[in-house]
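> Here the protein sequences come in this chain order: H and X.
Residue numbers are given in our numbering: position 193 of the first sequence equals residue 193, and the series is strictly consecutive.
Residue numbers are given in our numbering: position 56 of the second sequence equals residue 1056, and the series is strictly consecutive.
One or more of the hints may lead you astray.
[Claimed, not checked] On the chain X side, residues computed to face chain H include the following (Cβ under 10 Å):
{"hint": "1", "residue": "G1063"}
{"hint": "2", "residue": "V1065"}
{"hint": "3", "residue": "D1068"}
{"hint": "4", "residue": "D1080"}
{"hint": "5", "residue": "G1093"}
Please keep in mind that the hints were generated in silico from the structure rather than gathered at the bench.
Glycine included, each C-beta is placed from N, C-alpha and C at the ideal position.
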Amino acid sequence: MKLRMSHSVLRSARTWLPALAIALTTGNALAQGVTDEMLINAHKESNNWRMVGRDYMSTRFSPLSQVSTKNVKRLVPMWTFSFGVLDAQNTTPLIHNGVMYVTASHGRTFAVNAKTGAMMWQYNHPLPEDAGKLMCCDIGNRGASLYGDKVFVTTPDAHVVALDMKTGKPVWDVSLGDYKNAYSMTVAPLIVKGKVIVGLSGAEYPTRLFIEALDANTGKQVWRRYTIPAPGEAGSDSWGTDPENLKFGGASAWITGSYDPALNTVYWGTGNPNPDWDGVGREGDNLYSNSTLALDPDTGAIKFHFQYTPHDVWDFDGVNEHILADVGGKKVWLHGDRNGFLYSIDRTNGKFNYGKEISKVNWMSGFTPEGRPIVNPDKVPTYDYEAKDICPASEGGKWWNPMSYSPAKQMVFIPSREICTDIKSAKGERAEGKPHWGIGSIKWNKGHGQLVAFDAKSGNKKWTVEAPSPFMSGVLTTGGGLVFAGTPEGEFKAYDQDNGKELWSYQTGSGIVGSPVSYFIDGKQYIAVPSGFGGWTGWATIGGGGAPQLKDSRKGGYVTVFGLFDQ
Amino acid sequence: MLSNSELRCYTAALCAALLLVNPAQAEDELRNPFAGDAAAAAEGKRIFLKTGCYACHGHEAEGAVGPDLTDDEWIYKPTDAMIFNTIAKGRRGTVMAPFGDQLMPEEIWKIVEFLRDKNRQRHLNGK
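If we strip away everything but chain H, and leave its shape as in the complex, we get (with noise of 0.2 Å):
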């Protein structure tokens, strides 16, 4: 018998045809899982991004060059997905064999088509009400992550959650602290070797917080790594006379640490000592406040650290990601800090390279030799005494959101800020689940934004682009020759890597405080950014404010996916 179809089938059959396809590709997408070998080669393999940082050294790069500097210009949207609810999207979006796996604030979690944008599951994680009360900086999260078969996120009320990649049901659910005394979490963990590793948050509270390591399978815990020493042991000594600093220093960990496989060893960052601006009774380093800690993966065993800011009392928070890159003979890791540097370190013993300056910088005068910063005294706030016009403000020099590093041209791409600030300290009450921040007075200065390309090896600044605002997402680099990176007003922008030019800008509906990302599916290269503004903003309005044009921004909370437009 001859088999004809109808024009009706074939027209139907246009339209299931590649449905089913992008069904049967996303079945068996999700019938492989992640394995060891796909992240510690995610730097050789451009069509994932199967890690926030897309690789272990947190490059941000995407070697894709199908979108570059001469055609961007024909960059237009694909799709848009909604999360369905406000406030910070600091999300990262993963992107494995065809699905994107994204995280969104209030605790919710996506898996997306990354081809088409349909949703194919939810997570909800439910949360208590009061939640949001003992978060400092909004309800956000950071990105998920991807480990066998299941997808991995922490949650406002400091729970660690492993989710069935195929259904985004858990598979197990655990609790890391007690968000009523403020301990929480928006970090994306790091997978390493079967271990799922995370950090809390909640340093502007009386805390004492850590890094923790989770079995990927149970979610059994395998080591915590407080970042401040007990009675006794090393450091312990650096916080003053109060025994209760020991208790409630802070020392937070909520940035995706970097790990280097052929040394073994994790980078994680800390942040700041608690109370923020408030430096009396806690006399000395306050250590592992402000550091990078190089952690032995297998047991949290501290290998060697380097310290930004000993004694933090502008809440500089050193807590910033690690780029690992090797350049002019070493090994390194690249941190820009919110104290207004970015330093370039040895990751084999921690000895201090160089610090330049992102932003303005005017609270130290100078380094060491070993890279310890020299304090001007007249920008130390006291309780009698208003330091004016610090610079960086506790924000930086770089924020949080994380830069980006071409290692083709062994530049880093940095989101940046120049405004300072007019602090005055003053005693607190210490008591568990209320804020805690030492203040007495604070005034941010009218500043501007820049994003600031860095010779790694030299530090020597290749160009900056000023904007009105601060740069507020973090910064997407690709082998087309692109930087991209987004405004706090909802501006997704492409620059050209060597000169800085802006060559494309959309307005994604606002603000930008997540990260883009890059991935390749059936021949097409796609750009995504998170938007959806939030987050700390006390910087942009209080005292004046240094970027009062942001006042009362318009929330959202969407992903958009860009691609060349096919005529």
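Since the structure of chain H is provided, determine the placement of chain X on it from the hints.
Just chain X, lined up with the frame of chain H:
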């Protein structure tokens, strides 16, 4: 069948029971007992800071993670009762959580007066 007097008595008892269950009362029943009281406004600021409201709204309620509470740019033009209920019960779907479990009604009213006073000062200063 209940007589009118019995019904009144029954209804009053029910209302009293409901009030006990739901301390955030109907808005038309709520009046700020400290309206215009400068001392209460000052005490309200102290409670505002002690409770940690400043973490989201700033030390002078000028806004940070949460909105500016001193200007006229509210989503809805709030009565004192609406502000009272927002503090007591929170706003679902937002970061604003309920504080009725840790603040006495008198303390909430003093915070309301602090916010009203900040708004009046703002108008006086022409901002």
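> Evaluate each hint against the coordinates.
Hint check results:
no.: 1; hint: G1063; verdict: 5 Å, holds
no.: 2; hint: V1065; verdict: 5 Å, holds
no.: 3; hint: D1068; verdict: 7 Å, holds
no.: 4; hint: D1080; verdict: 22 Å, violated
no.: 5; hint: G1093; verdict: 8 Å, holds
Hint check: a violation occurs at hint 4 only; the rest are consistent with the structure.
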